[in-house]
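Asker: One-letter residues, chain by chain:
2 protein chains.
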Amino acid sequence: MSFYLYSLFTNIREYFMQPWKTLSREILLQPDSGRFLTVENHQVQLSDGSIIQNWPWLITPDFVNVVVETEEGDFLCFRQTKYAVDGVTLAIVGGYLEPGEDPLAAAQREVLEETGYVADEWSALGGYAIDGNRGCGNGHLFLARGARYVRPIDADDLEEQTLIRLNRDELRAALMQGKFRVMPWSTAVAMALLKMEAE
Amino acid sequence: MSFYLYSLFTNIREYFMQPWKTLSREILLQPDSGRFLTVENHQVQLSDGSIIQNWPWLITPDFVNVVVETEEGDFLCFRQTKYAVDGVTLAIVGGYLEPGEDPLAAAQREVLEETGYVADEWSALGGYAIDGNRGCGNGHLFLARGARYVRPIDADDLEEQTLIRLNRDELRAALMQGKFRVMPWSTAVAMALLKMEAE
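As given, the protein sequences belong to chains R and V, one line each in that order. 1482 is the number of the first residue of the first sequence in this note's numbering; add one for each residue after it. 1482 is the number of the first residue of the second sequence in this note's numbering; add one for each residue after it.
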């Protein structure tokens, strides 16, 4: 089959690849006015027309994570605890979007708050659904390069953090050894390394 | 400061970097006997001793995702819809662990069910908490190489899927263009590319 015919076939098939439809939704749980979590039940119609009456759906705030490279070529990371992780993990800059905040603006705000650095060169590494089935927010990932120190750290994080600097080889080794133990952090570091290597 | 002193300092500091303590937990919501979701409220004590009375915690099943490379050097992917994503997305093999199932066994089962392939060369790409604050399950990522077709697809997925083959350059381009729109899929593809390039 020629590539043209294959593409045509794929396009036609995707045209008829119907997304599931949300027939109704109700809030099951919304602690603290939904500041950090709303749980909904969705009635969902699948592509074949069949209906699932009880499909749990999670709404949590969208967030950003940022891989920050300094002017000197070091990457700003943290050693810290995190509630979902046993022991200590490596981490990168990140935080929730404020209501209505643009992801890039949130990323720049978090870098300044958590590290005291500002950067001029920003690359988007994509926005991704955290849980393809239940939602659970979207993560917006960025690479910031050429970062320079401008003021002391002013973070509002609840965890203890120690800022550390890794060179690119150390960053890659830590990633491949599984030391970034929360998935969006590993995603951002991996995407950043692939992007920098492609340049 | 010498590297030895720095390491000593870091180790001492991490020794005193206390994880948060779960003082109590109660189930708030457990639809369908918790098959896909349990929502808990945790009373949490932070490192500084202060207490948060209401910390929502999500329990969803752990899952696997697998980047599968065939004997011919093609990567097995899908075009499909996914409830948390608008439109069509690229995807990779994946699914929930059965109760008590080992992640590698689940990964091998899912590859066979979803693609009809088996592979002999397996590499672990790490296990990660999905949401560092709220849990929401752990994802176990794998790279399977040298995969060969042994039997027809026998998938139990609810979504329509079209199996496609991408070469390594196409896989990388699709990743960097954000076409894998669910985070664990992008993570696995990025980690797999970094691992293959390091070899």
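Hints in this document: simulated from the structure, not taken from any laboratory. Just so it is clear, the structure is predicted and the values come from calculations on it, not from any experiment. Among the hints, a few may not be true.
Note: identical chains are not told apart, hence a pair may lie in one copy or across any two.
[To be verified] Think about it this way: if two alpha-carbon atoms lie no more than 30 Å apart in a straight line, the pair counts; the simulated DSSO-like pairs of lysine-lysine are: (1) K1676 - K1660; (2) K1502 - K1660; (3) K1676 - K1502.
Asker: Against this structure, judge whether each hint is valid.
Answerer: Hints versus structure:
For the homomeric pair K1676 and K1660, the shortest alpha-carbon distances inside one copy (20 Å) and between copies (15 Å) are both at most 30 Å. Within a single copy, K1502 and K1660 get their C-alpha atoms only as close as 39 Å, which misses the 30 Å cut-off; across copies the closest is 22 Å, which meets it. In this assembly of identical chains, the alpha carbons of K1676 and K1502 never lie at most 30 Å apart, being 36 Å within a copy and 38 Å across copies at closest.
Violated hint for the displayed structure: number 3, the only one.
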